[in-house]
Amino acid sequence: MSNRYRIIFTRDRTVRFVGHLDLAKTWERVLRRADLPVAFSQGFHPLPKITFASALPVGCTSEAEVMDVVLTEPIAPSDMAARLAPALPAGIAIASITEVPLNAPALQAALRWAEYVVTVETDETREQVESLVQTFLAAPSLMRERRGKSYDLRPLALSLIVKAVSASSAQIAMRLLADASAGTGRPDEVLAALGWADAPAQIHRRELGFET
Amino acid sequence: MDATSIEKNLDRILPKVDKPARYTGGEFNSIAKNWEATPFHAVLAFPDIYELGMSNLGLAILYDILNRQPGVLAERVYTPWPDMEAQLRAASVPLYSLETKHPLSEFDLIGFSLPYEQLYTNVLTMLDLGGVPLLASERDERHPIVIAGGHATYNPDPMADFIDAFVIGEGEEVIVEVVETIREIKSRVESGEWRAEVLRRLADIPGVYVPRFYDVEYHADGTLASVTPNVEGVPARVTKRITPILPPPVTRFIVPFVDVTHNRAVVEIQRGCTRGCRFCHAGMVTRPVRERPVEEILQAIDAMVRETGFEEVALLSLSSSDYSHISELVRAIGDKYSGKHLSISLPSLRIESFSVDLAEMLKEGRQTGFTFAPEAATEAMRRRINKFIPDQQMLDTAREVFARGWRTIKLYFMIGHPDETLDDVQAIADLAKAVLKEGRKIHGKAAQVNIGCSTFVPKPHTPFQWTALDSEESIRAKQSLLKREFRGPGLKLSWTEPEQTLLEAFLSRGDRRLGPVILRAWQLGSKFDAWDEHLNIAAWKQALAEHRLDPEFYARRPRPMAEVFPWDHIDIGVRKKYLAQDYQMSQAGETRVDCRERCFACGILPAFNHLRMNTPAEAWECPPVERRMTALRDE
Numbered sequence: 035m036s037n038r039y040r041i042i043f044t045r046d047r048t049v050r051f052v053g054h055l056d057l058a059k060t061w062e063r064v065l066r067r068a069d070l071p072v073a074f075s076q077g078f079h080p081l082p083k084i085t086f087a088s089a090l091p092v093g094c095t096s097e098a099e100v101m102d103v104v105l106t107e108p109i110a111p112s113d114m115a116a117r118l119a120p121a122l123p124a125g126i127a128i129a130s131i132t133e134v135p136l137n138a139p140a141l142q143a144a145l146r147w148a149e150y151v152v153t154v155e156t157d158e159t160r161e162q163v164e165s166l167v168q169t170f171l172a173a174p175s176l177m178r179e180r181r182g183k184s185y186d187l188r189p190l191a192l193s194l195i196v197k198a199v200s201a202s203s204a205q206i207a208m209r210l211l212a213d214a215s216a217g218t219g220r221p222d223e224v225l226a227a228l229g230w231a232d233a234p235a236q237i238h239r240r241e242l243g244f245e246t
Numbered sequence: 002m003d004a005t006s007i008e009k010n011l012d013r014i015l016p017k018v019d020k021p022a023r024y025t026g027g028e029f030n031s032i033a034k035n036w037e038a039t040p041f042h043a044v045l046a047f048p049d050i051y052e053l054g055m056s057n058l059g060l061a062i063l064y065d066i067l068n069r070q071p072g073v074l075a076e077r078v079y080t081p082w083p084d085m086e087a088q089l090r091a092a093s094v095p096l097y098s099l100e101t102k103h104p105l106s107e108f109d110l111i112g113f114s115l116p117y118e119q120l121y122t123n124v125l126t127m128l129d130l131g132g133v134p135l136l137a138s139e140r141d142e143r144h145p146i147v148i149a150g151g152h153a154t155y156n157p158d159p160m161a162d163f164i165d166a167f168v169i170g171e172g173e174e175v176i177v178e179v180v181e182t183i184r185e186i187k188s189r190v191e192s193g194e195w196r197a198e199v200l201r202r203l204a205d206i207p208g209v210y211v212p213r214f215y216d217v218e219y220h221a222d223g224t225l226a227s228v229t230p231n232v233e234g235v236p237a238r239v240t241k242r243i244t245p246i247l248p249p250p251v252t253r254f255i256v257p258f259v260d261v262t263h264n265r266a267v268v269e270i271q272r273g274c275t276r277g278c279r280f281c282h283a284g285m286v287t288r289p290v291r292e293r294p295v296e297e298i299l300q301a302i303d304a305m306v307r308e309t310g311f312e313e314v315a316l317l318s319l320s321s322s323d324y325s326h327i328s329e330l331v332r333a334i335g336d337k338y339s340g341k342h343l344s345i346s347l348p349s350l351r352i353e354s355f356s357v358d359l360a361e362m363l364k365e366g367r368q369t370g371f372t373f374a375p376e377a378a379t380e381a382m383r384r385r386i387n388k389f390i391p392d393q394q395m396l397d398t399a400r401e402v403f404a405r406g407w408r409t410i411k412l413y414f415m416i417g418h419p420d421e422t423l424d425d426v427q428a429i430a431d432l433a434k435a436v437l438k439e440g441r442k443i444h445g446k447a448a449q450v451n452i453g454c455s456t457f458v459p460k461p462h463t464p465f466q467w468t469a470l471d472s473e474e475s476i477r478a479k480q481s482l483l484k485r486e487f488r489g490p491g492l493k494l495s496w497t498e499p500e501q502t503l504l505e506a507f508l509s510r511g512d513r514r515l516g517p518v519i520l521r522a523w524q525l526g527s528k529f530d531a532w533d534e535h536l537n538i539a540a541w542k543q544a545l546a547e548h549r550l551d552p553e554f555y556a557r558r559p560r561p562m563a564e565v566f567p568w569d570h571i572d573i574g575v576r577k578k579y580l581a582q583d584y585q586m587s588q589a590g591e592t593r594v595d596c597r598e599r600c601f602a603c604g605i606l607p608a609f610n611h612l613r614m615n616t617p618a619e620a621w622e623c624p625p626v627e628r629r630m631t632a633l634r635d636e
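Residue numbers (the numbering used here), protein chains in the order written: chain A, 35 to 246; chain B, 2 to 636.
Honestly, I wouldn't trust all of these hints.
To be verified - Across the chosen pairs, the derived CB separations fall in these ranges:
id : chain 1 : residue 1 : chain 2 : residue 2 : range
1  : B       : I32       : A       : F244      : 35 to 41 Å
2  : A       : E158      : B       : K341      : 26 to 32 Å
3  : B       : K577      : A       : S75       : 36 to 42 Å
4  : A       : R181      : B       : P490      : 30 to 36 Å
5  : A       : S112      : B       : K337      : 43 to 49 Å
Claimed, not checked - Sample of chain A residues at the chain B side, in silico, Cβ under 10 Å:
id : residue
6  : L55
7  : G125
8  : A129
9  : A198
What the hints assert, rightly or not - No farther apart than 25 Å at their CA atoms in a straight line, the calculated lysine to any residue pairs in the SDA-like style are these:
id : chain 1 : residue 1 : chain 2 : residue 2
10 : B       : K337      : A       : T246
11 : B       : K9        : A       : A198
12 : B       : K20       : A       : F74
13 : B       : K578      : B       : W82
14 : A       : K59       : B       : L58
15 : A       : K59       : B       : L536
16 : A       : K83       : B       : A602
17 : B       : K411      : B       : L317
Simulated from the structure, these hints should not be mistaken for laboratory data.
Beta carbons: idealized from backbone N, C-alpha and C, even for Gly.
All chains should be modelled from the sequences, with the hints used to inform the complete structure.
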């Protein structure tokens, strides 16, 4: 018998430089410290059954990371949370745990978009920031290059909204496509296209959107 | 710059460097005490990158011990990779501790681990970046006390210019005494002039060597004449420290976020080695052999899995097969953790079929290779280095390994043993191919033999300390023979670059005159010398030449039996006379059996008589000391 649990967790500044593979390894160890009966794949090279919805870009924080873990026996989500709490490194915290059907669609397949709130250091006025965003949204295409490959960034940005502008920073909410087949937008690429390639920025993931 | 401004600067710097998580701290089980509320601040420094430093057991032990002391905090710092160093310098950010981001200069104590010589220049980089004067003679009451320990410090004098005090031997007890001494004096001396008294009192602690209290004299030919105390009351020879019984093992290892060299928890099952291999520095300096009880090891593994969540636990020792209860231990671990997705590694196994039985009991999931260290490929050479096994036993063991499912065998050899010929090196190739042939009979083309071939460096405090490093011409000839022989499929060779070996040789056999050379080489840009892509031997040669020193003098000069060595004032407990006798036996092709079978009176027992007498018989592999003998000695 197996049971599948969906964990939503947060990542703060402390762990913003931990890459995705390192985070996966960290979770394996967290689950072992919590002494939870994680199911392993069969075969020559058994791996723990842990899956993540989406890799968080290095340098970002998040309040909505989503992962699924399969256990070999049932446990009440509240008990699970209690066992995980002391096993977590500083900077990672549980937001919620729910049991999901074993045959629910894979997280990565169901993921559609990710929403970020980006705070970028800039002295531009509200009007200037608004105009940059409008120009971005009005463009029919925005060709960019990443790791030697050319791609169109524009269709990957579903929405951009200016939230606040101060004398030294601007805050923009962006909903970007995060779709296994249609493509994934990166918030730092959007910033670069807006003209802030090198400006210091804090990027925070607020929500992941799934097909329901 | 204070901790808050360092944090702020890091926000800008870290996105620009490779693997920034190495510089953030915050790992599970790391300990960040309140700086203001803790009176004594120590930082443990490993002079190489984070990935290597995090795999160092010695520092993990000291971190655990110091942080258990009330009123003491111990933090960590590693050498920043050159990209990070450049960013720190550009932003004028000092090198800081990972836990609370304080600059090194604000600590009371900086403790360097020096396991090998090629990281000496990184010590200078770290002091410099940390805002601490490089030279011990230039530090005053505003600066930390800088100490160093680890295997390289059994010959401390090459680093004497930069280190205030060396801790010789095992650090578990002495580190606490060092901290208490500094703390007591700093809180008592009202004038604020604490430094001179601290240094003098540190020299009173057994096992602590304070170089400034010793004068070195040389003969006209450049050899050492004497090392003598220049103040009353400091010992003429500093005897290493040992702990009579292995202290409880560390279980709460720091769990790194990033992949490090060894992603695992470690439990030391035994310290010291009774084999007596003549090239082996560790085997001589870590005597006597002390074993950890099986029950303690099992409890430690249990605690490690719970407290770290690591997927691997390594059982550490210089020679696992020699641990008296190895079968019992391995069987118990196998029974308990089988099917739990925990891999247990058991390095340093003897070349015999019993080792294959042991490894099989621990086999879990994925099978990595099987490693053996024959060190030499002919029986005559194995006799000379006192690591004797018959050829047939090597092949029989290899066959057994392949037959039980392993497809890869790794063999460690050394070239450049005393009086080695090209025939001895050819024999390495022949033996490796014979092993591969055994593998092919079972696995066909999937069989693989990896050969790690380092170059022998005659190390201080070993029976081979009188011998010379092989000539560069000879090393190159031997390496090209091996490269030629190991071209085919199924064989892979790795070797040590001769420049790397030369550096290791003259630094490990050097004297105090190397201090200015290390400083100059560092000024010329030397850093990360243990990394082939960084080592600039020309800079070292220039630094030596500027100080009228010759690396060959240190590395390649056979030394007369009567010569005074730069490390003779450091007492490892093993007598020089014993080492000399063992060297002569080597030249005659004579071996010594494992000293568990018969005591050869190496000197370790009389050196630590008092400790041995108060230790249970089974705690040491040396024979118990009778009180009568002690009485005779004291008379």
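Hints versus structure:
| no. | hint | result |
| --- | --- | --- |
| 1 | I32/B <-> F244/A: 35 to 41 Å | holds, 39 Å |
| 2 | E158/A <-> K341/B: 26 to 32 Å | violated, 57 Å |
| 3 | K577/B <-> S75/A: 36 to 42 Å | violated, 59 Å |
| 4 | R181/A <-> P490/B: 30 to 36 Å | holds, 34 Å |
| 5 | S112/A <-> K337/B: 43 to 49 Å | violated, 30 Å |
| 6 | L55 | holds, 8 Å |
| 7 | G125 | holds, 6 Å |
| 8 | A129 | violated, 19 Å |
| 9 | A198 | violated, 20 Å |
| 10 | K337/B <-> T246/A | violated, 44 Å |
| 11 | K9/B <-> A198/A | holds, 23 Å |
| 12 | K20/B <-> F74/A | violated, 29 Å |
| 13 | K578/B <-> W82/B | violated, 44 Å |
| 14 | K59/A <-> L58/B | holds, 21 Å |
| 15 | K59/A <-> L536/B | violated, 33 Å |
| 16 | K83/A <-> A602/B | violated, 57 Å |
| 17 | K411/B <-> L317/B | holds, 18 Å |
When the structure is compared with the earlier hints, violations turn up for hints 2, 3, 5, 8, 9, 10, 12, 13, 15 and 16 and for no others.
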